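Protein chains in written order, with my numbering: chain A, -17 to 137; chain B, 21 to 383; chain C, 5 to 129.
Among the hints, erroneous ones may be present.
If we take Cβ atoms under 8 Å as the criterion, some of the chain B residues that face chain C in the derived model are [to be verified]: (1) Gly235; (2) Phe328; (3) Gly336.
A few chain A positions that, by computed beta-carbon distances, are all more than 10 Å from chain B [stated by the list, open to error]: (4) Gly28; (5) Asp60; (6) Leu122.
Below are the SDA-like pairs computed for lysine to any residue, each with C-alpha atoms no more than 25 Å apart in a straight line [as the list claims (entries may be wrong)]: (7) C:Lys72 / B:Tyr58; (8) B:Lys228 / B:Val281; (9) B:Lys269 / C:Ile45; (10) C:Lys50 / B:Asp262; (11) B:Lys46 / A:Glu53; (12) B:Lys259 / C:Lys9; (13) A:Lys128 / A:Lys107; (14) C:Lys72 / B:Val55; (15) B:Lys73 / C:Asn26; (16) A:Lys107 / B:Ile176; (17) C:Lys9 / B:Asp340; (18) A:Lys107 / B:Lys73; (19) B:Lys269 / C:Asn26; (20) C:Lys50 / C:Gly89; (21) A:Lys52 / C:Gly89; (22) B:Lys337 / A:Lys128; (23) C:Lys50 / B:Glu105; (24) C:Lys41 / C:Gln64; (25) C:Lys21 / B:Tyr232; (26) C:Lys50 / B:Asp260; (27) C:Lys41 / B:Leu70; (28) B:Lys337 / C:Glu15; (29) A:Lys52 / B:His44.
No lab work stands behind these hints: they were computed from the structure.
In this text the structure is predicted, and so the values were computed from the model without any measurement.
Glycine included, every Cβ here is placed at the ideal spot set by N, Cα and C.
As a plain string of letters, each chain reads:
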Amino acid sequence: MGLKEFIEKSFKKSPWVLHYNCSSCNGCDIEILACMTPLYDMERFGMVNVGNPKHADILVVTGTVNTRNKEILKNIYDQMPDPKVVVAVGVCAATGGVFREAYNVIGGIDKVIPVDVYVPGCPAKPEAIIDGLYKATEILKEKYEKMGKAEEVLK
Amino acid sequence: MIRMSEKSTIPFGPQHPVLPEPIHLKLVVEDEKVVEAYPAFGFVHRGLELLVKKKDFNQMVYVVDHICGICSAMHGQSYCQAVEELIGVEVPERAKYLRVIWAEIHRIHSHLLWFGLLADAFGFENLFMLSWRIREKIMDILEATAGNRVIISVNIVGGVRRDIDNEQAKWVLNELKEVEESLKELDKIVRNNYTIKQRTVGVGVLSKDEAYKLGAVGPTLRGSGVPIDMRTTGYAAYKDLDFEPIVEKDGDTYARTIVRVKEMFQSIDLVRQAISKLPEGELNVKVKPNLPAGEVISRVEQPRGEVFYYIKSTGGKYLDRLRVRTPTFANLASLLHMLPGSSLADVPVLVLTIDPCISCTER
Amino acid sequence: MITTKEIKLEEIEKEAKYYYENGYRFVTETCLEEEGKFKIIYTFEKDYQMDSFHVFVSPQEEVPSISKIYFAALPVENEIHEMFGIKFKNLVLDFQGLLFLGEYAPISPQASIEIMRRDKGDKNE
Ligand code: SF4
């Protein structure tokens, strides 16, 4: 296997995940943390939790967007290199959930950044989160292939 | 030559790998010493207190449950107790005991979670994984008895909405026995491990007097030797159960860790007592759809300390004002007091020593 | 049910000192609106017994801060300033109304009585 194919193959198998907590209630965050711990262990899919947006391939967002973290979320998203996938965990991140009518809440995160995978639940179960992340890796692969084609066309 | 002891400002957070939640601290440091610290919040502020104008008092239970995912059962409990006192209904005895059981199971889960995060904060990842593995057993108990893992929403105004039957109670006791065994191991580690002591003994010291005057609550206060525990006021079924507030004298992070570890054993004991005394009877009583006018304060001991609920109603379906003073909000003053003078490397440990819950604080 | 005694605005500091010297712990301050005025309830505690007093504040008045006496009152008073727009005198640390709310958040969102207006005037969305 050449180096190029090797990189292509391993790309999908080891996405790095960045978790950002918008204004969530913690319920979903601790479930995401629980995914990393021995019982659920998302590292078996090669997913590693990182703290730096420039290292990350998948952005996992929990909670609704409020007026203050709107900018930060956008910032983090912009800093991530292409291809990137966004996973919205919990009903909060999808629509605003229980907080929808509160004055400081703008709504689901899709009002600010494009979302690829929605994971429902309040809080979403670890199984559902892992499933969502797995879907995200497939989308990541698709995006990666598309990007490769675009590069070939440009050549 | 450049003089090295100039002051510089270092931002800590909001997106920090140690913390699951966004907290932002501006630290003014001189060499490696923190001289001043200014917190900045607002990344989680949603404005839940004002939702009382849009949701009626029954629906509000679910909103206060979502103030914080970690101690959600206790938020619901204190809100329900406040409304029940306002209406003047007496909750069935069985519901009171069930509330205690769920609250105490929640406390164990919260303390284990905190313990893991603390271990992670000082770079002991193995211990983080260990304590979260023990925690999964507790989550199983919650899921089996209440139907959800984290936010269980068992409380409603007038009682609880789910029951634990005898069979299940037996199973819970069995599981708790296993949890207790693992906790004993954890206790041994905490008492003997060099790394833990190295990073926590003497860090973030609050004297008895300081803690009291700064208005600290919960383990932060009890770790400094002040025996204040809201459960001794005997709300729900605590008046019939036998326990003493747990205190430690030293007032540092290690003492607080010990308090929390001991509280987990205490919680297991309380669940056992409550299950053995569980009376027969109804789960909830019906309440009238309209509230009388009045003001009520209700206080409940959460894993992080005392929570304060103030409600005011002028009649009708909607409350007039709801105010929540959460434990972390009360402990902020202690944190601001501890940070100056510490070394930069200790900041994550210091932030975690009060067991911060930002989404509580900001609501 | 709770009962609180009413005191005047100027007496707040004196009253808080009294509680401080008698070994009370600061619990919290609660702000609400009543008949076109703000009402702030101060709550203290000793041996599980809560004790409260309240003041009425009209929109133009400044409230003397008790954060010099009880440091724990600092976040609470900043929050009240932010949510209701009430001004506090002599705060130990003033967040200028940016403790919880961002630049683009609604201004004094929990008050229906308007005190503050932000000059920039830009609102969210
Ligand atoms: S979806 Fe539910 S559990 Fe998750 S952050 Fe929102 S309110 Fe909390």
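Evaluated hints:
Taking 8 Å as the C-beta cut-off, the interface hint given for Gly235 (chain B) holds, the closest approach to chain C being about 3 Å. The criterion of a C-beta within 8 Å of any C-beta in chain C is met by Phe328 (chain B), whose closest approach is roughly 6 Å, and the hint holds. The beta carbon of Gly336 (chain B) is not positioned within 8 Å of any beta carbon in chain C (closest approach about 16 Å), and the interface hint is therefore violated. With 10 Å as the threshold on Cβ separation, the claim that Gly28 (chain A) sits away from chain B holds: the shortest Cβ distance comes to roughly 18 Å.
Listed as a non-interface residue, Asp60 (chain A) keeps its Cβ farther than 10 Å from every Cβ of chain B; the least gap is roughly 14 Å. With 10 Å as the threshold on Cβ separation, the claim that Leu122 (chain A) sits away from chain B holds: the shortest Cβ distance comes to roughly 21 Å. Taking the CA atoms of Lys72 (chain C) and Tyr58 (chain B), the gap is near 17 Å; set against the 25 Å cutoff, the hint holds. Note on Lys228 (chain B) and Val281 (chain B): the hinted pairing holds, with a Cα-Cα distance of about 20 Å set against a maximum of 25 Å.
With a CA separation close to 33 Å, the supplied pair Lys269 (chain B) and Ile45 (chain C) exceeds the 25 Å bound. Of the pairs offered as hints, the one joining Lys50 (chain C) and Asp262 (chain B) holds, with about 23 Å between alpha carbons and a cut-off of 25 Å not exceeded. At roughly 19 Å between alpha-carbon atoms, Lys46 (chain B) and Glu53 (chain A) fall within 25 Å of each other, so this suggested pair holds. Proposed proximity of Lys259 (chain B) and Lys9 (chain C) is contradicted: the alpha carbons are some 30 Å apart, above 25 Å.
Between Lys128 (chain A) and Lys107 (chain A) the alpha-carbon distance is near 32 Å, which puts this suggested pair outside the 25 Å criterion. Restraint check: the Cα-Cα separation between Lys72 (chain C) and Val55 (chain B) comes to about 20 Å, which is no more than 25 Å; the hinted pair holds. For the suggested pair Lys73 (chain B) and Asn26 (chain C), the alpha carbons sit about 39 Å apart, so the restraint of at most 25 Å is broken. About 23 Å separates the Cα atoms of Lys107 (chain A) and Ile176 (chain B), which keeps this hinted pair within 25 Å; it holds.
With a CA separation close to 21 Å, the supplied pair Lys9 (chain C) and Asp340 (chain B) stays within the 25 Å bound. Our distance criterion of 25 Å between C-alpha atoms is broken by Lys107 (chain A) and Lys73 (chain B), whose separation comes to about 31 Å. Note on Lys269 (chain B) and Asn26 (chain C): the hinted pairing holds, with a Cα-Cα distance of about 23 Å set against a maximum of 25 Å. Proximity of Lys50 (chain C) to Gly89 (chain C) is assessed by CA-CA distance (about 30 Å); at most 25 Å being required, the pair is judged violated.
A C-alpha spacing of about 24 Å is found between Lys52 (chain A) and Gly89 (chain C), which places the hinted pair at or below 25 Å, so the restraint holds. Only pairs whose Cα atoms come within 25 Å are accepted, and Lys337 (chain B) paired with Lys128 (chain A) is rejected, the gap being roughly 56 Å. For the proposed pair Lys50 (chain C) and Glu105 (chain B), the alpha carbon gap of about 22 Å is at most 25 Å, so the pair holds. Between Lys41 (chain C) and Gln64 (chain C), the direct Cα distance comes to roughly 10 Å. Compliance with the 25 Å bound is thereby established for this hinted pair.
With a CA separation close to 15 Å, the supplied pair Lys21 (chain C) and Tyr232 (chain B) stays within the 25 Å bound. Between Lys50 (chain C) and Asp260 (chain B) the CA atoms are separated by roughly 23 Å; this keeps the pair inside 25 Å, and the hint holds. Our distance criterion of 25 Å between C-alpha atoms is met by Lys41 (chain C) and Leu70 (chain B), whose separation comes to about 18 Å. Taking the CA atoms of Lys337 (chain B) and Glu15 (chain C), the gap is about 37 Å. The hint is violated against a cut of 25 Å.
Pair hint Lys52 (chain A) plus His44 (chain B) holds up; C-alpha atoms about 16 Å apart against a cutoff of 25 Å.
In this structure, the hints that do not hold are numbers 3, 9, 12, 13, 15, 18, 20, 22, 28, in rising order.
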